[in-house]
Every structure is written in structure tokens, then in C-alpha cells.
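**Student:** For the record, the sequence lines run as chains S, V, Y and H.
For what it's worth, my numbering labels the leading residue of the first sequence as 0, then goes sequentially.
For what it's worth, my numbering labels the leading residue of the second sequence as 147, then goes sequentially.
For what it's worth, my numbering labels the leading residue of the third sequence as 448, then goes sequentially.
For what it's worth, my numbering labels the leading residue of the fourth sequence as 25, then goes sequentially.
Since the hints were made in silico from the structure, they are not lab data.
Mixed in with the good hints, there may be bad ones.
[Said to hold, decoys possible] Listed below are the simulated DSS-like cross-link pairs for lysine-lysine, each with C-alpha atoms no more than 27 angstroms apart in a straight line:
{"#": "1", "chain 1": "V", "residue 1": "Lys462", "chain 2": "V", "residue 2": "Lys346"}
{"#": "2", "chain 1": "Y", "residue 1": "Lys616", "chain 2": "S", "residue 2": "Lys600"}
{"#": "3", "chain 1": "V", "residue 1": "Lys262", "chain 2": "V", "residue 2": "Lys221"}
{"#": "4", "chain 1": "H", "residue 1": "Lys110", "chain 2": "Y", "residue 2": "Lys547"}
{"#": "5", "chain 1": "H", "residue 1": "Lys82", "chain 2": "Y", "residue 2": "Lys471"}
{"#": "6", "chain 1": "H", "residue 1": "Lys110", "chain 2": "Y", "residue 2": "Lys471"}
{"#": "7", "chain 1": "S", "residue 1": "Lys339", "chain 2": "V", "residue 2": "Lys186"}
{"#": "8", "chain 1": "S", "residue 1": "Lys600", "chain 2": "Y", "residue 2": "Lys499"}
{"#": "9", "chain 1": "H", "residue 1": "Lys32", "chain 2": "Y", "residue 2": "Lys547"}
{"#": "10", "chain 1": "Y", "residue 1": "Lys453", "chain 2": "S", "residue 2": "Lys600"}
{"#": "11", "chain 1": "Y", "residue 1": "Lys626", "chain 2": "Y", "residue 2": "Lys499"}
{"#": "12", "chain 1": "H", "residue 1": "Lys32", "chain 2": "Y", "residue 2": "Lys616"}
{"#": "13", "chain 1": "H", "residue 1": "Lys32", "chain 2": "Y", "residue 2": "Lys626"}
{"#": "14", "chain 1": "Y", "residue 1": "Lys546", "chain 2": "H", "residue 2": "Lys82"}
{"#": "15", "chain 1": "Y", "residue 1": "Lys626", "chain 2": "H", "residue 2": "Lys82"}
{"#": "16", "chain 1": "Y", "residue 1": "Lys547", "chain 2": "Y", "residue 2": "Lys616"}
{"#": "17", "chain 1": "Y", "residue 1": "Lys546", "chain 2": "Y", "residue 2": "Lys471"}
{"#": "18", "chain 1": "Y", "residue 1": "Lys546", "chain 2": "S", "residue 2": "Lys600"}
{"#": "19", "chain 1": "V", "residue 1": "Lys186", "chain 2": "V", "residue 2": "Lys314"}
{"#": "20", "chain 1": "Y", "residue 1": "Lys499", "chain 2": "H", "residue 2": "Lys33"}
{"#": "21", "chain 1": "H", "residue 1": "Lys82", "chain 2": "Y", "residue 2": "Lys453"}
{"#": "22", "chain 1": "S", "residue 1": "Lys600", "chain 2": "Y", "residue 2": "Lys547"}
{"#": "23", "chain 1": "V", "residue 1": "Lys346", "chain 2": "S", "residue 2": "Lys530"}
{"#": "24", "chain 1": "Y", "residue 1": "Lys616", "chain 2": "Y", "residue 2": "Lys499"}
{"#": "25", "chain 1": "V", "residue 1": "Lys462", "chain 2": "V", "residue 2": "Lys435"}
{"#": "26", "chain 1": "Y", "residue 1": "Lys471", "chain 2": "S", "residue 2": "Lys600"}
{"#": "27", "chain 1": "V", "residue 1": "Lys346", "chain 2": "V", "residue 2": "Lys314"}
{"#": "28", "chain 1": "V", "residue 1": "Lys401", "chain 2": "V", "residue 2": "Lys357"}
{"#": "29", "chain 1": "S", "residue 1": "Lys417", "chain 2": "V", "residue 2": "Lys221"}
{"#": "30", "chain 1": "Y", "residue 1": "Lys547", "chain 2": "S", "residue 2": "Lys609"}
{"#": "31", "chain 1": "Y", "residue 1": "Lys499", "chain 2": "H", "residue 2": "Lys110"}
{"#": "32", "chain 1": "V", "residue 1": "Lys401", "chain 2": "V", "residue 2": "Lys359"}
Remember, predicted model here, so these are calculated numbers, not experimental data.
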Amino acid sequence: MSSVAQKKGFGSWLWDWLTTVDHKKIGILYLLGGGFFFVLGGIEAMIIRIQLAVPNSDLISAGLFNQIITMHGTTMIFLAAMPILFGFMNAIMPLQIGARDVAFPFLNSLGLWMFIFGGLFLNISWFMGQAPDAGWTSYASLAITSEGHGVDFYAIGLQIAGGGSLIAGINFLVTIINMRAPGMTYMRMPLFTWTTFIASAMILFAFPPLTIGLFFLTFDRMFGANFFDHAMGGNTIIWEHIFWIFGHPEVYILILPAFGIFSEIFSIFSRKRLFGYTSMVFATVLIGFLGFMVWAHHMFTVGLGPTANAIFAVATMAIAVPTGVKIFNWLLTMWGGSIKVTTPMLYAIGFIPSFVMGGVTGVMQGAAPLDYQLHDTYFIVAHFHYVIVGGTVLGILAATHLYWPKMFGTMLNETLGKVTFWFFFIGFHMTFLIQHWLGFWGMPRRVFTYMDGQGWNSANLISSVGAVFMAIGVIVLLYNIIMTSVKNVPVANDPWGDGRTLEWAIQSPPLYYNFTQTPLVRGLDSVWIEKQEGNESGITPAVPVQDIHMPHGSIIPIFMTLGMFIAGFGAMFREETSWGLPLLVFGLAWTFVCMAIRSLKDDLGYYVPKEEILEDMKRERGRK
Amino acid sequence: MMKGLKKWRLFSLLAALTVFLSGCGQEELSTLLPAGQVAKDQFNLLLLSSGIMLFVILVVVIIYVVALVRFRRSKLGEDHIPEQVEGSSTLELVWTVIPILLVLLLAVPTVYYTYKLGDVTAMGAVDDEGNAENLVVDVTAHLYWWEFEYPELGIVTSQELVVPMDEKVYFNLIASDVKHSFWVPAVGGKLDNNVENVNKFYLVFEEDSSKLKEGVYFGKCAELCGPSHALMDFKVKTMPRAEFDEWVVAMQSTKKDKDDAGDTAAASEGEQLFADSCISCHAVTADVKSPYPNLTTFGDRNRVAGFMDHTEEALKEWMKNPQKQKPGNEMPAFDHLSEAELDAIAGYLMGLTVEK
Amino acid sequence: MDLNKKFTPETWPDNPETATFEAKNKFVGFWLFLGGETILFATLFATYLALKNKGPANLEFSTQELYELPLVFVMTMLLLTSSLTSVYAMYHLRNYNFKKMQLWLGITAFLGLGFLILEVYEFYHYVQLGFVYSNSAFSSAFYTLVGTHGFHVAIGLVWITLLIFRNAKRGLNLYNATKYYTFSLYWHFIDVVWVFIFTVVYLMGKVG
Amino acid sequence: MAEIEIYKKSPAEFDLGQRRARRSMRSQVIMFSLMIFLTLTSFMIVTASNAEVIGFSKYYVIPVIMLFAAVQVGLQLYYFMHMQEKGHGIAAMFMFTGALLAFLIVLTFVTIVWWN
Ligand code: HEA
Ligand code: HEA
Ligand code: CUA
Ligand SMILES: [Cu+2]
């Protein structure tokens, strides 16, 4: 392996990225993959909005439309938002806790490739005749009757990608539990680390039900099981429960890391300690916990009976309280601070009113009898885009600007950043605000067209125009990224000037082993504390310079995932082709052999010698 | 930046204004113009919750704007180091307790209405003579069309629900193929038609639909059920009880009429053609329940197939190629029939009426 | 870490399974994984309970008629005993007694294999009766729940066999001690799941 | 990082360790007997119930066997999986959260899936 890596040039560069187990590079790969799928999902969104811009539109057919909304929802949630967040968690969280790497570098890479291959698997459906078309929720009665292989792609693709998420979750959890630098107690962890922790714990408990649900779906469709076939005693409501037992926690998995990012931003750009740190942590934990108790609010109209509806309604509303605590803590962090409106801060400022509007509509939906009216209308579409786009996506865009210099060593253009913000922000409100009323006026969601004369025309048109604004914003961002990368002006450790946590005390981008010496943490916002006390480096080392243990790269994760990918196709074409079954067996065997190789080989990693580290430190001092 | 922010405010104000100018939507399908007790209860809940939410938004926005205006670095100077406040238990208590109170304020009516609207105990009630006290309608959702059966009255109809006003009408909901959801926005919230169990609820219709623009309320399928989910509309006619009773009698007598017609005059050409091609699926008497839409009242309808104009042209388009109109539906195409034959059938169907 | 460093019972750490940094990670990570598995099985159990005895109108199988307690009892005893034997193995792991540890693990695997064979026999028997996977919602739920457990047993067997053979020549060190230890955690977890299976599926199925 | 310090125990320490290990092994065996006993009892009362022995109604049998199962699980976790030893705080926390959610899931499935 190493002999290949010695070769210079494109081949070795590629090999390096394919085999990397460095959390920073994996973070970048997550961003790349997630960014690609975000644009893909965004293009799908544009098609939806173009189709709905005018009544009786027959631009795309009814069947195709259903495929597009299904893929839009699935892509955005599983392949764009989550992976991008994983990207930032990977790139930043270990730095925040003063760690050299994550707990399981090999598994980290495996999780990444499972996401990528799962995403590819799902999207290959476009070229295989049919994409999934039963909605991102794939409700069972429709999903098991849906013809073609569309829903099979959904079930298997998500199974692979979901496995990757589970691995990533466990990896982050163990990293945070075991690898905090000396002095970094739980109650000194930066909020982004905390939210990563809670979101990962939620992944740990939310994804197994999805695994089982997808398994049921796969077996019902392909292997003759009867979980959801009511003629055979099955029950489709089981799918709905399982999906939402996963699905509701999933939306908090999406929002909590964004909360973490905004917590960092408010504190950095208000130059002030996060207000009410303890209650912030407590609120995060509480949201995570309550997040598992409310899933049936997606099922108020299923007919669970008034008692179940009442219980879940009240539980749902309870989440408003810890979320409110967070909102007010952010406001009070700004209050009395010294607010500098940089691009990341601009996103944070835009986030507050947007998310609150989305959150309060959520509470309205939580009122079960009112939800009988709102459910499955555009009001719901408005609600969840307000929280997802106004929360998660703004968080992602903010983090992109905030952490770009840390990850790539160069700063995104601030003016272009602000241009992106305004286009995106205005477009966002324009698209989704009006949809609340569409819901009130009786427009169901997931309709491929609507008749003229129902009073929905102009609202839909406004909504579609807004989407164009968002697209312009995203295009400006892409332009910004390209221009910035071409110019590649290097930046210092703390380009924002007010960094408070460990990641801002090391180089941008960090050395591959992160910290030359493991830092000693003496309080919350440790870099800020050190700097206030006159320690310009921002770090007090906890140990002398010594050899550093690092893991080897490995190509096995890609190969292992490839096996699953192949097995997926085998399973799907098992019945109509003769090669299906052999392919399934081959794929599984392949994966298993990769696992066995990995487990039978002793891989103990290697040491970065002390001399090299001293050398790096000298160079660093010279640069200053 | 402030200018940008102000611009946004102005913009959202304008947006809000347009929304209010265009009013509350259309009477026949807006939840904001409730036409019955259930929808009114839900509308009240909407008003209450919107009030609370607007209050919350207002509070947040006020603190937010003041903070943004007062604490800018441009005002305070580049090297101003603010005091590093840890928190404040009083404040934190305040913004824990007040939201709890607000949530309780909403939770109490929520629970109350959940039980009130979910109460179907009176559904099976019978009077001294064993007759049902309340009207019950069995709604079966099929791939892209609705069937309404009045079991006590022995009537089956499709696509258009006819109900009396000012009394609780109870519904049994089920789906015959995949899940659908039964929704009449102006009259009350939706309930799902599941495949494996019967869902029960009630609605109250308090306005006469004849004064509406098209004389009907709009009903929708609210659960993704396949390609033509968007086209799975139905219509609701509400009328005073007396009128409804007349309608029932007229419906019940369609069977007798048929027999008479068969005995006396020779059937019209359209009727003959219909009997040849269509009767295997479509019944034209209100007592027959089959897995296909019952067309007894076709002439009284407001739409063809739930969403197309109620004209002979549209009907012919439908017969010629139902798949084009409603992808995935289960009616075969009759493009082999001549134009004249289609005309005849269309004419016959348009004449099927109990109301005129 | 030098794998070839030989320990003696005196220098062998008290908790070899968590003696190194990597080992600690693996240890915590594996426990978390088991936490996730709990939910995975909970979903299967919940589904089984919801679909128990449910099938098409002419379903001729019910839990009461189908299950045979004596067989289940024997399976239970095998698996429970294998849990104890793996505890013995861990006892020797901590005592740095490699030979005995391997021996007890071998016995564990042997008992596990016995369990698996009986389970396969049980399934075969049911299939002979006509209770096949696609017979009803009940049959799907039954085979999926019990089968997933059986699959876990099979994975465990492959895992421990690989470990036993792979380390036969190398002996015990701090690198593979964790592997043995996590295996034993896994094996006990399987036992925990089985306790619920025999209680919820078989015993409660018999009671009705 | 991977380097660990080798510590050689004194003979006294070593003896103590050995004795402690043996003692804990003995308690494991006792717990095992208890588990076997519980299992036997469970099977027996179910058999009794099937044979319609008076007093063994299902409303008595089911709670009892569920209780026994819970006890067995506790024994497995705390004795066989060493959760009583220190350093298992995180493990316990996640297992308990898992168990709680598991309970909730099963509860809803046996109740509200079939309500109505
Ligand atoms: C990031 C994702 C995200 C987030 C954070 C949320 C947050 C919330 N959601 Fe949302 N939701 C979705 C994503 C999200 N949701 C998605 C994707 C769907 C649709 C899925 C589908 O069907 O396809 C959905 C659907 C959905 C439904 C089902 C609607 C239906 O289909 O009928 C409900 C019902 O209760 C709901 C409620 C809530 C609530 C109460 C919150 C709360 O967490 C919000 C809490 C926040 C606040 C309340 C604001 C701040 C608080 C204060 C300022 C304090 C004071 C406030 C009060 C006193 C009210 N959501
Ligand atoms: C993370 C989640 C996420 C995100 C970010 C978005 C983003 C957007 N969504 Fe989506 N949406 C969902 C999750 C999300 N959505 C889900 C779960 C559903 C439900 C699906 C279902 O019913 O099953 C849904 C459904 C949904 C609907 C309802 C469909 C229906 O019910 O019929 C609509 C309609 O307006 C919509 C619109 C949009 C728009 C306009 C955006 C915009 O914000 C998108 C903005 C991004 C872009 C516009 C990028 C474009 C970039 C370019 C164009 C670059 C050009 C290319 C190059 C230069 C190479 N979404
Ligand atoms: Cu029927 Cu949608
Ligand atoms: Cu939810």
C-alpha cells in the first residue's frame, strides 16, 4: 500500500483521498458529497416550483412529479443536510475538544463511503427507468404497490446510507466521550460539540428502527414477506410508526448541530461568552430526549384515537419550552455584546426570526384538532422548510463561511457572502411564507398540478419566483467558492479575530496531526481565556512534545461499501434475471471478505517522530 | 446592513398585505371560512394559537431588534471587550415559565377539542323503533375516486357527497387499495382512509351549498396515493333536511324507474351502447354497489371524474382516453367507439339525474 | 504498542480489555452499539407483538398450536450455558491464561452451534408444516424476529471462530484482549435477547 | 498514546487479585444457577397454565414470566457483562436510555397500533 502512496502526481493524490482516514479530509469529502447532492436536490426543488408556478401545468407528468418530490425530500434530508453536517462535525469537533483524530478513523471512512455509495445507488434509479415515487415517507400501502424498482432503490439505498450514519454517530459519541483533552470536562465543551454529541446519540437510537423498517419494506417487496399487506394480516400503520419513530428524531438530528453552529457564531461575533451555557446544554439534552416522545404528531389524522392524539399533542408542545430557552439565550448573548455583522453573523441574525416562525407553526400543528386541517397541506410544507431551510440550511451556509478558512486556509469573499445571504434569505421567505396561506386555502401537498379557479394561482407564482432567488443565491455561493479557491490567499490561525475555542488556536488548515502538543483546558472558551490572560498562542500544552501515534490510511472501506452496492443490485434483480442471485451472494461475500481482511490484519498505526513535530513548530513560528 | 434589514421588513409587510387583500381564500374550500361546527372549532383553535404565536414572535423580534441596534461594534468601538456574563437564573426562569404557561394555554383547548371531535359514541344510536338516529355515510376511497354509501338508506353514489344540514353526519372511512385521506376543507379537518381499519368521525354542515359559486363544496384527497393523487377531488352538496329527504326518495326510486323504462319504450341508443360497453362496471341505479363508480346521478354532477368540466366534450375526452386525463386510473379507454356513439353515450349519461 | 511483548500473569493488567487507548474506544463504542441494538430488537419485538397470529382469513397457524416448548427449553439451556462458559473465558482472560480461555471459548462456540442447529431444525420443521415465510404477517414477523436473533448467533460464531484460530499462535496481548472481550459482551447481549424471545414469543405464545 | 505502562504486581497484590477474581467467579456461578432456576420456573408455570392447573391463569403467568425475564436481563448485564464494575457509567446510561425507548416502542405497538 505504502509503495503506491510514494508515487507523486495525480494518481497518488487520488489514492491519498480515497484511502484517507484523516477526519479533516473526511470532513471535506462529506462536504463535497453533500454539496453535490444539495445542488441536485435544489434542482429538483426548482423543477417542482416551475411545474407548480401556473395551474394545469403539464410540463412534467404526474408520475414523474411524484418521483421528483420523493427524490427531493430524500436527497435533501439524507444526502445533503445530514452529510454536510457530518462534514462540519468531522472537520471541527475533534479540534474543539483538543483531539488528534476521531475514535475510529477506519469506521469514519467507512461511514463516509457508505453515504456516498448509498446516495449513488438511490440516484442511479433515475437511469434505471424509475425513481422512488411514494414520497420521502414511503407510506407502506402505496410503497408496496408502487410498480417498477423505484421504491426498491429507496429501501436499499437508504439502508446503505443509513448504516453509514449510524457508524458516524457512534464514532462521534466515542470521540467525545473518550478523547477530550485534559481539563475539557463535559461542561466546558463548546456548544457545537455538545450538539454533535446529542445529535449522535439520537442517531444511535433513531436509525435502528429505520433499518428495521426498510428491511420490512425490502422483504415485503422482494422476498414475499407480509408485514404491510393487510390481506395477509399485515398492518401499514406499523410502517408509519416505525418511520416516524425514526423520522421525528431525524429532524432534530438536522437542527441540533445547526443550533450548535449558531451558538458558536453568536458568541464569537458578539465577543461574549454564551449566555446561560448550562441551560443551553440542558435544553439540548431535553430536546434530544423529548424528540423521541412525540413521533405520533405526524399521525394525528391516522385515527389513533383521541387519547393517543391528546398525549402526543401535549408532548409535542412541550418541546417549545427548551427551544425557547435557546432562542432567548442567543438573544441575551447578543445583548450587551459587541456585535460585528460578518457573513456568518448575518446568517445567524437571519436565522432567529426565520426559525422562530417555523417553530411556532410547528406548535400550531401540535394542536391535534387544528392539525386535522393542516396535515398534508402546504402549511406543513411551509413549516418544515421554515425550520429546515431557515434553521439547518442557514446554519450550514453560516458554517460554510465561518469554517471555510479553518478547513481550507483561505477566506470566502465577504461581500459575495452577503450577496448570497440576501438573495437566499429574501427568496426563502418569498417562497415559503405564502405557502402557509396556500395550506389554509385548502391546497394539499404532493399535488403535481392544481386546477384553475381555486384561488391558488398568484400565491404559487410568488412562491416559484422566490425559489429562483434562492437558486441565484446558491449560484453566487458556488462562484464565490471557485474564485476563493483559485485566489487561495492564506489566512492566520484565527481569521475572524475573536475565536474562542481550541480550533482557532491552531493553523488554518491544521496540520494532519492537529495539535503539536495536546492542550490543557482551563475553562469554557479556553482560547479566549488564555488570550485574555496574555497567552497569545491561546494554548497551554498539557504534555511535552512527544511522538504522535497516527492511524494508517486504508482502501478497504471503499471496497467494503462496493460489495454492499453490488449486493443491492443483486437483491433487486434477483427475481427477473438469472444473474441477480449470484450477484447478491457475490456482493455479500465480497463485503464479508473485506471485513475479515480488516479484522485479521494487525493495524497498529505509526508514529510521527518528535523531530518532525519540532520542525513543524519552528516553521510555524517563522511564519508569524 | 441595516438598510437591507429594513428592506426585508418592508418586503414582508407588503407580502403580508397582499395576502390579506386576497382575503381568506374561496368559500368552497378555505379553512379560513368555516362552514360547520367542526371547522369552526378548528378555526377557533387556529385563531387562539395564531394569537399566541404572534405574541411570541413579537417578543422575540423586539428583543432582537433592540439588541441589534444597541450593541453594534461599529458603535461600541473596535476594541470594546464586553462583560462576559455567565447567565441569569431569574431571566432564565422567566423564559422557561412564560412559555410553559403559553403552552398550557394552548394545550387545554387542544385536549378538549381532541376529545370533542373524536367523540363518535352516538354513531350507532337508535331510537325506540330501532331506526338509526343519525345519518351514517360509509366512504370508500378507491384509486382516484370516492364512493359514498348510505347503508341505512340503501343508496350508493360516487364522486359527490350529498348531506343534510345542521345535524351531525357520521362517516366510516376505509380505502380499497392504498391509503387516501378524506378532507372537506371548509367543513372540517381530514381523517385518513386506511386499508386495514375503519376510521370514524363526524362533520356538521351548516351552510347551504347552493349559494356557493358552483353550488358545491370542494373535497380533496389529502394523502399521496399515486400519480393522480392531485386529481382525486370530490364535491359536497349540502341542503336542508327536507330537501335531502326528497333526494333520498328520488335516489331510492331509481331502481323502479329503470324497470319501467325497460318495459315501456325501447331504450335510447345511448342507453343501449352504455348497456353494451359500460354497465359491466358502472351501475346506473342507486342500489347497486360495485367496485366502480356508480353513475346514477351523473347528470347532477358538477365535474366529470371529479375534476374535469361537466360538459359532453369533456366526458367524451374522458371516455376516449381516461389514462391521459387521470394517469393510473382503472378505467379502460373507449377510443374504438365512433364519435357518434360517444355522443350518444354522453347524451345519455348527462340525462341521468334525480334532481331535475 | 509492541504486540510481541510477552506478559506474565503478574504484569498483565487487571482490566486488559480497556488497558490501551484504542481498547477504551472500542469498549465504549461497542457498548453504544449494543444500546442501538436494543432499539433494533425492540422494533422487531413490537412488530411481532402487533402481528402475532395475524394472517389471511384462513390462517391455520397460531402460536399455541405451533410452538413446541421442549425444543425451546433445550435451546434456552444451551444458550444460557454458553453465556456462563464465556464468563469463564473472560475470567481466564483477566488471569492471563490463554489456553484455558481458548478452551472455554471453544466450548462456548460449540454450545452456540448446538443452539443454531436446533433453531435451523425448528424452522425446517415449521416449513414442513407449511408455515413458510410468506404464509402470513405472523409468519413473516416470527421468522424475522427469531431469524434476526439466529443471524446474530451465526455472526457471533464466525467471529469467535476467526478469533480463536487467528490468535492460536500469537497468544494473548492487549490488542486482541479487547476483541475477545467485546465478543463476550456481544454473546451475552445475544443471550439477553433470547431471554426475551423465549419469554415473549414462546412462553407468552403458549399462554395465549 | 498506545503505549501503556507495564506495572508488575507484588506477590501480595497478585494474590489479592486472584482471590478477588475467584470470588467474583463464584458469584457468577451463583447468578447462573439463579438464571437457570428462573428459566425453569418460567417454563414450568407456563406448562402448568397450559395444563389448566387451577391458579395459573394467564393474568398471573404473563406478569410473572415477564418479571423473571427482566431479572435475568439485569443479572446478565450486571454480572456477566460486568456492568457493576466501575467505568461503565456511559454504558449504563446508554443501555438504560435504550431500554426506556424500547419499552416505549413496544408499548405503543401493543396499544395504539390497534386502537379503534
Ligand atoms: C429541522 C427540522 C424540524 C424542526 C426543528 C421541527 C420542529 C418542530 N416541529 Fe416539525 N416537521 C419537520 C421538520 C422539523 N420540525 C418536517 C420535515 C416535517 C414534515 C415531514 C413530512 O410530513 O414530510 C415536520 C412536521 C411536523 C408536524 C406534523 C405535521 C403534519 O404532517 O400534520 C408537527 C406536528 O406537531 C411538527 C411540529 C414541530 C414542533 C412542535 C417543533 C418544535 O421543535 C419547534 C420548537 C420551536 C419553537 C416553538 C420556536 C422558539 C420558541 C420560543 C420563542 C419560545 C416560546 C414559544 C411558545 C410558547 C410557542 N412538525
Ligand atoms: C433538507 C431538506 C430540504 C431542503 C433544503 C429543501 C429545499 C427546498 N425545497 Fe423542499 N422538501 C423537503 C426537504 C427540503 N427541501 C422534504 C423532506 C419535502 C417533502 C417531500 C415529500 O413530500 O415526500 C420537500 C418538499 C418540497 C415541496 C413540496 C412538494 C409537494 O408536496 O408537492 C416544495 C414545493 O415548493 C419544495 C421546495 C423547496 C425549495 C424551493 C427549496 C429550496 O430551498 C432549494 C434551494 C436550493 C437551490 C435552489 C439549489 C439550486 C442550485 C442551482 C440551481 C445551481 C445551478 C447548478 C449549477 C450551476 C451546476 N420542497
Ligand atoms: Cu387518494 Cu390521494
Ligand atoms: Cu415531527
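**Student:** Take the C-alpha atoms of lysine 401(V) and lysine 357(V), compute the straight-line distance between them, and say whether it is at most 27 angstroms.
**Tutor:** violated, 31 angstroms
**Student:** What's the verdict on lysine 462(V) and lysine 346(V), does the C-alpha distance respect the 27 angstroms limit or exceed it?
**Tutor:** violated, 37 angstroms
**Student:** Tell me if the straight-line CA distance from lysine 339(S) to lysine 186(V) falls inside 27 angstroms.
**Tutor:** Distance of about 48 angstroms is beyond 27 angstroms: violated.
**Student:** Just to be careful, I want the Cα atoms of lysine 499(Y) and lysine 33(H) compared with a cutoff of 27 angstroms; is the pair within it?
**Tutor:** Roughly 57 angstroms separates the two Cα atoms, so the pair is violated.
**Student:** For the pair we were handed, lysine 82(H) and lysine 471(Y), check the Cα-Cα distance against 27 angstroms.
**Tutor:** violated, 46 angstroms
**Student:** Between the alpha carbons of lysine 417(S) and lysine 221(V), is the straight-line distance 27 angstroms or under?
**Tutor:** holds, 21 angstroms
**Student:** Within 27 angstroms, alpha carbon to alpha carbon, are lysine 547(Y) and lysine 609(S)?
**Tutor:** Roughly 42 angstroms between the alpha carbons, so the hint for lysine 547(Y) and lysine 609(S) is violated.
**Student:** Are the Cα atoms of lysine 600(S) and lysine 499(Y) separated by 27 angstroms or less?
**Tutor:** violated, 45 angstroms
**Student:** Given the hinted pair lysine 462(V) and lysine 435(V), is their Cα-Cα distance within 27 angstroms?
**Tutor:** holds, 25 angstroms
**Student:** If you draw a straight line from the CA of lysine 616(Y) to the CA of lysine 600(S), is it 27 angstroms or shorter?
**Tutor:** holds, 14 angstroms
**Student:** When you check the alpha-carbon spacing of lysine 262(V) and lysine 221(V), does it fall within 27 angstroms?
**Tutor:** violated, 56 angstroms
**Student:** Would the hint linking lysine 626(Y) and lysine 82(H) be met if the CA-CA limit is 27 angstroms?
**Tutor:** violated, 43 angstroms
Violated hints, listed in ascending order, are 1, 3, 5, 7, 8, 11, 14, 15, 20, 21, 23, 24, 28, 30, 31, 32; each of the other numbered hints is respected by the structure.
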